[in-house]
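S.K.: Sequence:
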Amino acid sequence: MTDATTGMGAGKVTDHDLAKSAPPVAPTGGSERRGSEARAAAPAKSGREVARLFPHDESDKFELKLQHAVSGFVDGPRGAVEEADRVLEELAARFTEAVTQRRRTLRGAWQTTGPAAEGKGASSTDTEQLRLALRDYRELAERLLRI
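For the sequence shown, my numbering assigns the number 1 to the initial residue and increments by one for each residue that follows.
These aren't lab readings, by the way, just hints derived from the structure by calculation.
All clues stand as given, with none of them false.
Derived CB-CB ranges, DEER-like: (1) Pro77 with Ala109: 46 to 52 Å; (2) Thr100 with Glu142: 16 to 22 Å; (3) Arg138 with Glu90: 27 to 33 Å; (4) Arg86 with His56: 20 to 26 Å; (5) Arg135 with Leu88: 29 to 35 Å; (6) Thr100 with Arg135: 15 to 21 Å; (7) Glu142 with His56: 21 to 27 Å.
Using N, Cα and C, we set each Cβ at its ideal position, and we do this for glycine too.
Generate coordinates for the entire structure from the input sequences, incorporating the hints supplied.
M.R.: As structure tokens, this is what we get:
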């Protein structure tokens with residue numbers, strides 16, 4: 001027998017049935033999506049694409065390491081948690097390196113204008129470079145605050 005409102009049988013509704021009929025849901029930072037689809041660079045408020053901290057292949061490697069830890073839980077729960085801890089430690093260290101490098105790049109963009117130009121009839125080019133640098137700092141800080 002088929003239900004007239006859903007078009008499904010009167011039996012149990014499965015997750016597969018719900019997935020087919022449900023609207024797409026944005027990922028919540030977890031494992032709903034995999035690979036490059038989940039990490040496509042999102043446009044910033046300005047409509048520009050946000051620079052990635054990690055290349056796709058590096059992100060994929062971390063995902064694989066974490067998935068390996070998770071899949072080993074049944075056979076060795078303690079070992080799986082220890083492995084996940086190592087992955088997180090490695091990821092945090094790499095994240096720190098990436099943010100430091102990004103900050104270095106941002107600093108290089110505005111320090112070329114020099115403090116001598118400040119307050120002494122700074123050219124519009126210098127002011128524009130500083131405005132863009134401030135925008136980039138704000139976007140990076142906002143991204144970090146959303147983590």
